[in-house]
Amino acid sequence: MSPELFFQYLVAGITYGAVYAVVAIGFNIIYNSTGIINFAQGEFVMLGGMIAITFAQWLPLFWAISAAVAITMLIGALMELCCIRWLRNPGILQMLIITIGVSILLREAALHIWGEGIRSLPYFYGDAITAWTFGPVRLSPQVIWVLLACGCIVLALQAFFNRSALGREMRACAVNRTAASLCGIKTHNMVTLSFVLSAGMGAMAGCMISPITYTQYDSGASLALKGFTAAIIGGLGNSMAAVAAGLLLGILEAFSITVVPLAFQDAVAVTLLLLILFIKPHGLFGSSEAARLKAF
Amino acid sequence: MLGQIRTRLGAVVASVVLLQLLTTFTGTEYYLTQLTMSAYYGLLVIGLCALMGYAGQISIGHAGFFAIGGYLSALLTTYNLTPHAENSAIALLNQAGLLFTWENLYGESLLTFTPWAAALAALVCAALVALLVGIPVLKLRGHYLAMATLGFGTIIYRMALALPILGEADGIADVPGFILIPASLFGGEALMISGEGDFRIFNYYVAWAVVLAGLVLLMNLMTRSRSGRALRALHSSEEAAEACGVNTSRAKLQVFVLSAVYAALAGVLLTHFKGGIGPEEATVMKSVRYVALVAVGGMTSLWGTLFMGVGLSFLSLRGVFGSYDDAVFGLILLAVMLFAPGGLSQLNSHIPWRRLLPYRRA
Numbered sequence: 001m002s003p004e005l006f007f008q009y010l011v012a013g014i015t016y017g018a019v020y021a022v023v024a025i026g027f028n029i030i031y032n033s034t035g036i037i038n039f040a041q042g043e044f045v046m047l048g049g050m051i052a053i054t055f056a057q058w059l060p061l062f063w064a065i066s067a068a069v070a071i072t073m074l075i076g077a078l079m080e081l082c083c084i085r086w087l088r089n090p091g092i093l094q095m096l097i098i099t100i101g102v103s104i105l106l107r108e109a110a111l112h113i114w115g116e117g118i119r120s121l122p123y124f125y126g127d128a129i130t131a132w133t134f135g136p137v138r139l140s141p142q143v144i145w146v147l148l149a150c151g152c153i154v155l156a157l158q159a160f161f162n163r164s165a166l167g168r169e170m171r172a173c174a175v176n177r178t179a180a181s182l183c184g185i186k187t188h189n190m191v192t193l194s195f196v197l198s199a200g201m202g203a204m205a206g207c208m209i210s211p212i213t214y215t216q217y218d219s220g221a222s223l224a225l226k227g228f229t230a231a232i233i234g235g236l237g238n239s240m241a242a243v244a245a246g247l248l249l250g251i252l253e254a255f256s257i258t259v260v261p262l263a264f265q266d267a268v269a270v271t272l273l274l275l276i277l278f279i280k281p282h283g284l285f286g287s288s289e290a291a292r293l294k295a296f
Numbered sequence: 297m298l299g300q301i302r303t304r305l306g307a308v309v310a311s312v313v314l315l316q317l318l319t320t321f322t323g324t325e326y327y328l329t330q331l332t333m334s335a336y337y338g339l340l341v342i343g344l345c346a347l348m349g350y351a352g353q354i355s356i357g358h359a360g361f362f363a364i365g366g367y368l369s370a371l372l373t374t375y376n377l378t379p380h381a382e383n384s385a386i387a388l389l390n391q392a393g394l395l396f397t398w399e400n401l402y403g404e405s406l407l408t409f410t411p412w413a414a415a416l417a418a419l420v421c422a423a424l425v426a427l428l429v430g431i432p433v434l435k436l437r438g439h440y441l442a443m444a445t446l447g448f449g450t451i452i453y454r455m456a457l458a459l460p461i462l463g464e465a466d467g468i469a470d471v472p473g474f475i476l477i478p479a480s481l482f483g484g485e486a487l488m489i490s491g492e493g494d495f496r497i498f499n500y501y502v503a504w505a506v507v508l509a510g511l512v513l514l515m516n517l518m519t520r521s522r523s524g525r526a527l528r529a530l531h532s533s534e535e536a537a538e539a540c541g542v543n544t545s546r547a548k549l550q551v552f553v554l555s556a557v558y559a560a561l562a563g564v565l566l567t568h569f570k571g572g573i574g575p576e577e578a579t580v581m582k583s584v585r586y587v588a589l590v591a592v593g594g595m596t597s598l599w600g601t602l603f604m605g606v607g608l609s610f611l612s613l614r615g616v617f618g619s620y621d622d623a624v625f626g627l628i629l630l631a632v633m634l635f636a637p638g639g640l641s642q643l644n645s646h647i648p649w650r651r652l653l654p655y656r657r658a
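Keeping their order, the protein sequence lines are chains X and S. Numbered according to my numbering, the first sequence spans residues 1 to 296. Numbered according to my numbering, the second sequence spans residues 297 to 658.
Keep in mind the hints are simulated off the structure, nothing from the lab. Just so we're clear, the structure is a prediction, and the values are computed from it rather than from any experiment. Backbone N, C-alpha and C fix where the C-beta goes; we use that ideal spot for every residue, glycine too. It is possible that part of the hints are untrue.
Some chain S residues judged to face chain X by a derived CB distance under 10 Å, without partners named [as the list claims (entries may be wrong)]:
#1 Leu416
#2 Val420
#3 Ala423
#4 Leu424
#5 Leu427
#6 Val429
#7 Phe448
#8 Met455
#9 Val584
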């Protein structure tokens, strides 16, 4: 493989990987607050892209994306308020199935609203063939946008969880819900907030990636699968490890094209997922001792 | 318990016969075709019910196992081996009686595996794949199986769509009938599982016989066998079961493999009945639909699941839900889990409107 090609694959891998990382963090936030895997995570990504595309017809791009993120956050909040919050002692299986049901309904709603067509946001800068040359590598400006946005999301979240009072309350809930509520934290609101945050992040990622990969009503499922794989590789619940895992997955997937046909690209992630579950179920960066202490 | 099972079994058999007589007398025998197909879906769904209700695990990949069964038996019974007939391995298979020669719609003579051999291969293959997916995943706590099976289902769907040998988007057609009773046995015509009009009533009863046999086997396993008791213990409390010496991950693995075999068997028989299979049978949405059917049937109730599975599959096959087919199943899944997680027979008592109903002592 020529060095040019190598770098090109690498850049493609990092771009996708950054999106997987954001989706994986979305999984982790909800997992930490409720103990479930939110199957509708991929649909948040799809909705973000779709809503932004619709608004982009009338609004400048920036406002279209902001509106899409805000609306998706609202949908995330509604999902929690309508389907999770009022349940009494919901079982994990029950909540899991509920998120599956919500994901189907969101997808079907998207199908009936936007149809089966493939859509995409315009490129944020230039168009599909604009490229900046850095030595041996040619980069689409969109790649820079994706990386910048994902980087900002990760840093902002890090700051939020470590610095702000609200973020610390959420972390307290993740560690021990009963203890947190005894300290006067409204744990229910923290769960809602976790859905809002995940939905917003998913929508943001959906907007960023839309010009490159396009958006379709059913494009959420495969992103969710990869985001989940990244979350598992990093160790469920560990957001910063998910970033490294997401990038790793993206790069592996990009290079896998040289070995397996494109049609089986999804299989790479799944194989990796099963392998990790087999060899090191608590993730490459997680410790099995910590996992044993978790309730779920 | 046993008496109750007998009564219910009798009731089901009676209603199956009654339905057939009803359609025959009203001249609506075409309903039997969809009822037969629904019965096969019912077989899959009761297998999944054992997994969800008793082992407390959820699989979103059962359409994948269905497709393994269907595609493998379709491939083995349509792939023409005549050009390789001289090959010693093929000749050996032929001598062992695993191959047969038949004529397809276009009068071509094909040398393929017999449906029996193909079905066996398909079931074994599904069981092995289930082991492969299940061993790593079921050792873990939590619901990793959901995502792992989702991934597995996606792979199977992609393979069905991408592999030329599986017919890509068209799937495999012209699958021969599955001869159950050869002509030589009683004289007269051979009886087979196929979609031809002459065999409609026969197929209807075959499907129900298979489903009920599957149901009885499952009930026996769940209530009488050692591993069934282990499973039920596991369902009430995993920790308690483990403390009693139940190997919980092995018990879960066993029921996962069993349910995969049920799904594959449904796939095999339905493919022979329909005379083909396409990639739409392998979609993730199909898997989710099966989960919805189990949920609405009440998770731990094999009877409820069978009833709901057959009923809703029938309505869906008749096209009652139109373009909202998938949405209806999503809505059912959500509504049942929100308001009646124990199935329709046990509506949540804390729902306000429940208090408007006549008072009943608990």
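Hints, verified against the model:
no.: 1; hint: Leu416; in the structure: violated (26 Å)
no.: 2; hint: Val420; in the structure: violated (20 Å)
no.: 3; hint: Ala423; in the structure: violated (17 Å)
no.: 4; hint: Leu424; in the structure: violated (14 Å)
no.: 5; hint: Leu427; in the structure: violated (12 Å)
no.: 6; hint: Val429; in the structure: holds (7 Å)
no.: 7; hint: Phe448; in the structure: holds (7 Å)
no.: 8; hint: Met455; in the structure: holds (8 Å)
no.: 9; hint: Val584; in the structure: holds (6 Å)
Hint violations for this structure: numbers 1, 2, 3, 4, 5, all remaining hints satisfied.
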